[in-house]
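> Listed below, chain by chain, are the residues.
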Amino acid sequence: DPKIIQKPKYLVAVTGSEKILICEQYLGHNAMYWYRQSAKKPLEFMFSYSYQKLMDNQTASSRFQPQSSKKNHLDLQITALKPDDSATYFCASSQELGGIEQYFGPGTRLTVL
Amino acid sequence: GEKVEQHESTLSVREGDSAVINCTYTDTASSYFPWYKQEAGKSLHFVIDIRSNVDRKQSQRLIVLLDKKAKRFSLHITATQPEDSAIYFCAASRGQQGTGSKLSFGKGAKLTVSP
Chain A
1 DPKIIQKPKY LVAVTGSEKI LICEQYLGHN AMYWYRQSAK KPLEFMFSYS
51 YQKLMDNQTA SSRFQPQSSK KNHLDLQITA LKPDDSATYF CASSQELGGI
101 EQYFGPGTRL TVL
Chain B
1 GEKVEQHEST LSVREGDSAV INCTYTDTAS SYFPWYKQEA GKSLHFVIDI
51 RSNVDRKQSQ RLIVLLDKKA KRFSLHITAT QPEDSAIYFC AASRGQQGTG
101 SKLSFGKGAK LTVSP
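Chains A and B, in that order, are what the protein sequence lines are.
With the numbering used here applied, the first sequence closes on residue 113, and no number is skipped along the way.
With the numbering used here applied, the second sequence closes on residue 115, and no number is skipped along the way.
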C-alpha cells in the first residue's frame, strides 16, 4: 500500500487559475515537506511543516500556500497559475524535522497552459 | 544558501564495474548528506546517507565517502547491475530543526549500466 498519497497524479490547468495539490502520509511522521522538480531547475525545496506548523518557506511567491488540516495532510494551493509553475510537485515526510531520511510521494505533474 | 554541485551529469558503465558519482557543497554547516535514486517516471527513493561525524558508510554495494575539508562527498556503487540504472541525486542539509531541515539537491547524474 502506498504510504504517501498525492492526488492527482496529473493536472492540467489554464494560466490564471487556481489548483490544490493533495498530500496524505500514512507513515506516522510529524514533519512534511513540498519540493518541486522542473526541466529548468533541479529539485527545489519549497516548504517544511512540523506538527502542522510552518517551519521553513523558501518559496518567494505568496501564490503558493501550504495547508495542513490534519497532522498527516499537507496540501499545496497554487493561485494565479503561470506556465512557469509547470513542474512535478513532490510531497515528502520524515519522522521529525532534521537530518533524517525523508520519504517522497509519487508526485503530481502539473502542466499550466 | 547551500549550493550542491553534482559533477557528472551522465555516466555509463558495464555490468559488474563500479560507478562513482561526486558532489560538492558550499555550506560548512551542512552535516547530513543523503542520496536518492529516481527511475524514469518515478519518485525519489532513498538509497543511503552519511552524517558529518563519519567519513565513510557502506550499505551492501553502496559506499558513501565524505571529505569535510574539501566539502565533497561521493557515492560508489560496486558490482553494478542493470537495475542500478537511474538518476542519482545527492543532497545536503544542516540536519537541524527549523530551517536546517531542508534538503538542497544536486542536478542529478544519470547512470546507465549496460549488460
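Hints are computed from structural coordinates only; laboratory data are not their basis.
Quantities reported herein were computed from a predicted structural model and do not represent experimental measurements.
Among the hints, a few may not be true.
[Claimed, not checked] Computed beta-carbon distance windows for the label pairs: (1) 27/B / 16/A: 35 to 41 Å; (2) 15/A / 115/B: 24 to 30 Å; (3) 51/A / 51/B: 19 to 25 Å; (4) 12/B / 111/A: 44 to 50 Å.
[Unchecked claim] Using 27 Å as the maximum straight-line C-alpha spacing, the simulated BS3-like pairs for lysine-lysine come out as follows: (5) 82/A / 9/A; (6) 41/A / 3/B; (7) 42/B / 68/B; (8) 42/B / 40/A; (9) 40/A / 107/B; (10) 57/B / 69/B; (11) 40/A / 71/A; (12) 107/B / 7/A; (13) 3/A / 69/B; (14) 42/B / 71/A; (15) 107/B / 9/A; (16) 3/A / 82/A; (17) 71/B / 41/A; (18) 41/A / 70/A; (19) 19/A / 42/B; (20) 57/B / 7/A; (21) 42/B / 41/A; (22) 107/B / 82/A.
Ideal Cβ placement from N, Cα and C applies to all residues, glycine included.
> All hints, please: hold or fail.
Do the hints match the structure? See the list:
With their beta carbons about 37 Å apart, residue 27/B and residue 16/A fall inside the hinted range of 35 to 41 Å. Checked against the hint of 24 to 30 Å, the pair residue 15/A and residue 115/B fails, with Cβ atoms roughly 46 Å apart. Restraint check, residue 51/A to residue 51/B: a C-beta distance of roughly 24 Å satisfies the suggested window 19 to 25 Å. Taken as a hint, the range 44 to 50 Å is violated for the pair residue 12/B and residue 111/A, whose Cβ atoms sit roughly 31 Å apart.
Taken as a hint, the residue 82/A and residue 9/A pair is honoured in the structure, with Cα atoms around 19 Å apart against an allowance of 27 Å. As the CA atoms of residue 41/A and residue 3/B are separated by approximately 13 Å, the hinted pair is consistent with the 27 Å bound. Among the hinted pairs, residue 42/B with residue 68/B is inconsistent with the structure: their alpha-carbon atoms are about 32 Å apart, more than 27 Å. Straight-line distance between C-alpha atoms of residue 42/B and residue 40/A comes to about 18 Å, which keeps the hinted pair within the 27 Å bound.
A C-alpha spacing of about 10 Å is found between residue 40/A and residue 107/B, which places the hinted pair at or below 27 Å, so the restraint holds. Straight-line distance between C-alpha atoms of residue 57/B and residue 69/B comes to about 17 Å, which keeps the hinted pair within the 27 Å bound. As the CA atoms of residue 40/A and residue 71/A are separated by approximately 32 Å, the hinted pair breaks the 27 Å bound. With a CA separation close to 26 Å, the supplied pair residue 107/B and residue 7/A stays within the 27 Å bound.
For the hint linking residue 3/A to residue 69/B, the alpha-carbon distance of about 38 Å lies beyond 27 Å, and the restraint is violated. Pair hint residue 42/B plus residue 71/A holds up; C-alpha atoms about 26 Å apart against a cutoff of 27 Å. For the suggested pair residue 107/B and residue 9/A, the alpha carbons sit about 23 Å apart, so the restraint of at most 27 Å is met. Straight-line distance between C-alpha atoms of residue 3/A and residue 82/A comes to about 31 Å, which puts the hinted pair past the 27 Å bound.
A distance of roughly 22 Å separates the Cα atoms of residue 71/B and residue 41/A; the hinted pair therefore holds under the 27 Å criterion. With a C-alpha separation of about 31 Å, the suggested pair residue 41/A and residue 70/A falls outside the 27 Å cut-off, and the hint is violated. Proposed proximity of residue 19/A and residue 42/B is supported: the alpha carbons are some 22 Å apart, at most 27 Å. At most 27 Å may separate the alpha-carbon atoms for a hinted pair to count; residue 57/B and residue 7/A exceed this at roughly 36 Å.
With a C-alpha separation of about 17 Å, the suggested pair residue 42/B and residue 41/A falls inside the 27 Å cut-off, and the hint holds. Distance restraint check for residue 107/B and residue 82/A: the Cα-Cα separation of roughly 23 Å lies within the 27 Å cut-off, and the hinted pair is therefore satisfied.
Hints 2, 4, 7, 11, 13, 16, 18, 20 from the earlier list are contradicted by this structure; the remaining hints agree with it.
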